[in-house]
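Chemist: Here is how the chains run, residue by residue.
Protein chains: 2
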Amino acid sequence: MSHTINKIEQQFLEHMYTMNAYEQALGLMEWDARTKIPEKGTDDRAEAVGRLSTELFQLTTSDKTAYYVDTILAYKEDEVTPWIRKAAEELKKQYERSVRIPSEEYQEYSTLAAKSEAVWEQAKEADDFEMLRPYLEKLVEFSRRFAEYWGYDKHPYDALLEDYEPGMTTEMLDDVFNRLHKRLQPLVDEVAASSVKPDTSILFEPFPKQKQTAVSSNILRRMTYDFAAGRLDETAHPFALGLNPSDVRVTTNYDENDFRTALFGTIHEGGHALYEQNLPQEWKATVLSDGASMGIHESQSLFWENVVGRSKAFWEYHYDMLREEAGSAFDDVTLDEFYRAINTAGPSLIRIEADELTYTLHIMLRYEIEKQLINGDIEVKDLPRIWNEKMQEYLGITPPDDSKGVLQDVHWSFGAFGYFPSYALGYMYAAQFYDALRRDIPDFDTKLQEGNLEPIKQWMTNHVHQYGKSKTPVEIIKEATGESINPDYLLDYLETKYRKLYSL
Amino acid sequence: MSHTINKIEQQFLEHMYTMNAYEQALGLMEWDARTKIPEKGTDDRAEAVGRLSTELFQLTTSDKTAYYVDTILAYKEDEVTPWIRKAAEELKKQYERSVRIPSEEYQEYSTLAAKSEAVWEQAKEADDFEMLRPYLEKLVEFSRRFAEYWGYDKHPYDALLEDYEPGMTTEMLDDVFNRLHKRLQPLVDEVAASSVKPDTSILFEPFPKQKQTAVSSNILRRMTYDFAAGRLDETAHPFALGLNPSDVRVTTNYDENDFRTALFGTIHEGGHALYEQNLPQEWKATVLSDGASMGIHESQSLFWENVVGRSKAFWEYHYDMLREEAGSAFDDVTLDEFYRAINTAGPSLIRIEADELTYTLHIMLRYEIEKQLINGDIEVKDLPRIWNEKMQEYLGITPPDDSKGVLQDVHWSFGAFGYFPSYALGYMYAAQFYDALRRDIPDFDTKLQEGNLEPIKQWMTNHVHQYGKSKTPVEIIKEATGESINPDYLLDYLETKYRKLYSL
Numbered sequence: 233m234s235h236t237i238n239k240i241e242q243q244f245l246e247h248m249y250t251m252n253a254y255e256q257a258l259g260l261m262e263w264d265a266r267t268k269i270p271e272k273g274t275d276d277r278a279e280a281v282g283r284l285s286t287e288l289f290q291l292t293t294s295d296k297t298a299y300y301v302d303t304i305l306a307y308k309e310d311e312v313t314p315w316i317r318k319a320a321e322e323l324k325k326q327y328e329r330s331v332r333i334p335s336e337e338y339q340e341y342s343t344l345a346a347k348s349e350a351v352w353e354q355a356k357e358a359d360d361f362e363m364l365r366p367y368l369e370k371l372v373e374f375s376r377r378f379a380e381y382w383g384y385d386k387h388p389y390d391a392l393l394e395d396y397e398p399g400m401t402t403e404m405l406d407d408v409f410n411r412l413h414k415r416l417q418p419l420v421d422e423v424a425a426s427s428v429k430p431d432t433s434i435l436f437e438p439f440p441k442q443k444q445t446a447v448s449s450n451i452l453r454r455m456t457y458d459f460a461a462g463r464l465d466e467t468a469h470p471f472a473l474g475l476n477p478s479d480v481r482v483t484t485n486y487d488e489n490d491f492r493t494a495l496f497g498t499i500h501e502g503g504h505a506l507y508e509q510n511l512p513q514e515w516k517a518t519v520l521s522d523g524a525s526m527g528i529h530e531s532q533s534l535f536w537e538n539v540v541g542r543s544k545a546f547w548e549y550h551y552d553m554l555r556e557e558a559g560s561a562f563d564d565v566t567l568d569e570f571y572r573a574i575n576t577a578g579p580s581l582i583r584i585e586a587d588e589l590t591y592t593l594h595i596m597l598r599y600e601i602e603k604q605l606i607n608g609d610i611e612v613k614d615l616p617r618i619w620n621e622k623m624q625e626y627l628g629i630t631p632p633d634d635s636k637g638v639l640q641d642v643h644w645s646f647g648a649f650g651y652f653p654s655y656a657l658g659y660m661y662a663a664q665f666y667d668a669l670r671r672d673i674p675d676f677d678t679k680l681q682e683g684n685l686e687p688i689k690q691w692m693t694n695h696v697h698q699y700g701k702s703k704t705p706v707e708i709i710k711e712a713t714g715e716s717i718n719p720d721y722l723l724d725y726l727e728t729k730y731r732k733l734y735s736l
Numbered sequence: 233m234s235h236t237i238n239k240i241e242q243q244f245l246e247h248m249y250t251m252n253a254y255e256q257a258l259g260l261m262e263w264d265a266r267t268k269i270p271e272k273g274t275d276d277r278a279e280a281v282g283r284l285s286t287e288l289f290q291l292t293t294s295d296k297t298a299y300y301v302d303t304i305l306a307y308k309e310d311e312v313t314p315w316i317r318k319a320a321e322e323l324k325k326q327y328e329r330s331v332r333i334p335s336e337e338y339q340e341y342s343t344l345a346a347k348s349e350a351v352w353e354q355a356k357e358a359d360d361f362e363m364l365r366p367y368l369e370k371l372v373e374f375s376r377r378f379a380e381y382w383g384y385d386k387h388p389y390d391a392l393l394e395d396y397e398p399g400m401t402t403e404m405l406d407d408v409f410n411r412l413h414k415r416l417q418p419l420v421d422e423v424a425a426s427s428v429k430p431d432t433s434i435l436f437e438p439f440p441k442q443k444q445t446a447v448s449s450n451i452l453r454r455m456t457y458d459f460a461a462g463r464l465d466e467t468a469h470p471f472a473l474g475l476n477p478s479d480v481r482v483t484t485n486y487d488e489n490d491f492r493t494a495l496f497g498t499i500h501e502g503g504h505a506l507y508e509q510n511l512p513q514e515w516k517a518t519v520l521s522d523g524a525s526m527g528i529h530e531s532q533s534l535f536w537e538n539v540v541g542r543s544k545a546f547w548e549y550h551y552d553m554l555r556e557e558a559g560s561a562f563d564d565v566t567l568d569e570f571y572r573a574i575n576t577a578g579p580s581l582i583r584i585e586a587d588e589l590t591y592t593l594h595i596m597l598r599y600e601i602e603k604q605l606i607n608g609d610i611e612v613k614d615l616p617r618i619w620n621e622k623m624q625e626y627l628g629i630t631p632p633d634d635s636k637g638v639l640q641d642v643h644w645s646f647g648a649f650g651y652f653p654s655y656a657l658g659y660m661y662a663a664q665f666y667d668a669l670r671r672d673i674p675d676f677d678t679k680l681q682e683g684n685l686e687p688i689k690q691w692m693t694n695h696v697h698q699y700g701k702s703k704t705p706v707e708i709i710k711e712a713t714g715e716s717i718n719p720d721y722l723l724d725y726l727e728t729k730y731r732k733l734y735s736l
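These protein sequence lines map, in sequence, to chains A and B. Last residue of the first sequence: number 736 in the numbering used here, and the count goes up by one each step with no gaps. Last residue of the second sequence: number 736 in the numbering used here, and the count goes up by one each step with no gaps.
None of these hints come from the bench; they were simulated from the model. Certain hints may be false.
Remember, identical chains collapse to one label, so a pair may be satisfied in a single copy or spanning two.
As the list claims (entries may be wrong) - Below, a list of computed lysine-lysine pairs in the DSSO-like style, where the Cα atoms sit at most 30 Å apart:
#: 1; residue 1: Lys732; residue 2: Lys544
#: 2; residue 1: Lys701; residue 2: Lys272
#: 3; residue 1: Lys516; residue 2: Lys272
#: 4; residue 1: Lys325; residue 2: Lys516
#: 5; residue 1: Lys272; residue 2: Lys441
#: 6; residue 1: Lys443; residue 2: Lys296
#: 7; residue 1: Lys516; residue 2: Lys703
#: 8; residue 1: Lys703; residue 2: Lys272
#: 9; residue 1: Lys268; residue 2: Lys347
#: 10; residue 1: Lys318; residue 2: Lys272
#: 11; residue 1: Lys689; residue 2: Lys272
#: 12; residue 1: Lys239; residue 2: Lys347
#: 13; residue 1: Lys268; residue 2: Lys441
#: 14; residue 1: Lys239; residue 2: Lys370
#: 15; residue 1: Lys443; residue 2: Lys268
Please construct the entire structure, taking both the sequences and the accompanying hints into account.
Modeler: Here it is as structure tokens:
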């Protein structure tokens, strides 16, 4: 390697490290705003976050970024350190998307999104869609305009998808969701019609917060989550956040009358956290130190939450611990009863409370709505009506009000159109990984029964975590499982599990 | 006001708000690093902080800063909003100091200071001054060079003092400290020779952390600290930190075998916090939203800690609460015994554990050393010897080792030469405020006995807090008390209190 390229590579790294310092600061401000901030501090925090984000936006779209990226990519492939070349390609993508948005428009959009999120909280509370409508209308306007700035082949929605699931298109999603829906619907119907009705009353036994915290910590440790490089805190809307691989924080929410909220929330966020803790140290503070996509990230959380955390084998090992922390609440509940209760399935109103069987139906209806909204086939004012129609169509129920309907999710209120499909992709990826993983670890169930989760984490690190953002989601899923995304794996998994649970 | 100046004022404010967003981010990163960060996260945090600080340094020294400041100051005085003009003057000062330091030198210095602080921890632990010596030598070198960059009239040390106590000079400090020392030393000697020996064993009764936290929270509330605009956390080295007036955080440290650590630490930091919470909202996120100086800031913490928190009247109201939280530990201890125990005085090795009587002696010896160090009269290698000589001279004791001697304080390890005098100034200011305050609130003691601390806070807000950094320390002390700094007030306060306590 010549001296010049060596020097340029170093300067390029320095530039990324500086941008990453902003990201770490903003990440910490977000974590703090959701866990520790005093009540009166939120407005000034939002203001500071908006300003610092704009500074970072300007740095990302600076001539300096363009210069480093173009210089590195102008060298022959074998003259540049391979991963640094990958980083340059990734940053070039980010640069090119950002630079097409005028700086003032970005600032206007950021401020609007931040404000709108706060309005959403109030609108949901007041069950008043009209409060949020003017904000949503502007945000949809922005999204439609951004899609034009970014460009697309067939559907403007493709341009938005690219932010969350690089390489994914509306056409591909239509195909995958259609296949999924076709086999899923009859299964959902059969489960609903089954005479098997698990006793779910045990789910609502009082369970003190302090004891739930102990359960959450124990299970995170068992999952190989490293507490020396992270921490567990309480929040209203759980999330995991990686500032860097040595500082990855999990948050959860405690409901003393429904232990599932914290338990499965923690396992879910723990899955995200394992991804972030096991990103390669060498690439830290660069654009490659990130998940491959929202969908791949979600595959990790859902794999742990459902495939592991809702399996019987997992609870064969962990049920005693949970029982002990719960005091006497589960004394009369057998493992089998417990297992059936936590896997009860059926149509419900709220996405984040949905079971794994019906969850993707909630996503499909959101996807259908977003697509039409961005296309201009429907308008914001139509949302409550269309939401309720789709709920009837996909889940056979109609929300009693908008707060349990169209207002239930935060995503649209901060302008995240194109995000929802990632959740369903995550389900499908998770099931597809599961199939591949069992080929490599045939005694998967035995491992769970022994509480030995390390080999599972290691498989995910080998096939997913270690690549960070250096591979596309398509490459990761193909190399790990031997084929492209295929909804049949999820369907097979659900069929097997739920036919047995509901004696179908 | 013309349209042009109006527009310039707005742009200038925007510029300050942006700089302040960096400061808030850096402040939060510091708070987090001292309270919440996972163990493995510290190195990457230091790296990010270094980078973001350098970004802020570049913004502070940018042509943009110069342009706004110069444009505003070029207008006639009555054409500009008065407080914005003040802000421009303050920022001009900061700009001119910063711009004289070459950017690479600043970055080198910041990185060295951050590393050195970590080395200090190890050196203190290992009682090994030689570990820290090379770092200190470089930091002293930087400070001497910075003093030359900044310029001074008589003493290079004056240039450093300006950072902590604007307007203060070596000449003035020499005079004030000489007067203080002359009257203080005989009093200290008399107290040491007194046959009165308070029973201090009660200070070391076991006091559970959780109960101490309750005491700290109660007293903060009573002091009018607003928990909706702040929080209380645990840390190794207590501090208070104001991100903005709506988010001011207090930290404390719990010793279950010496409740004074948390109790007086909390009251002390609470005094700082009241200053930050009561800075004017209108000026928030500008350079005027800050304490007038380190000395004035310290006057607030010391006033609350000592004048209020170590007074008998304060405990006449609060002793029952403390007793209740302490379980049965204080059942046999009368209020008078308690009061005498928490005011026990006499020479000691460690500054932060010193009583209010001997505290300023610790400062004077540090001041003498710093002055000579920056002058070049002594060198870093001489520090352990000179430290021990001065301890003998000022306090009549010699440290058994360097970790209880020259290595005890963190300040020098991050290059803060010129900081220590602020602590002694704070003592003198506090006593001087006390004298003026009693003229306005003659029933001060009755207020304390009633637990009514609001009028005291209000007096401080009226005379100190509300001015932020818009007045110099000299202006504040003169307007509040009618004269310049005068050590006699502290001496009178100490004479009165300790003659009575020790029956002199």
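Chemist: Checking against the hints above, which ones are violated?
Modeler: Violated hint (a single one): 6; every other hint is consistent with the structure.
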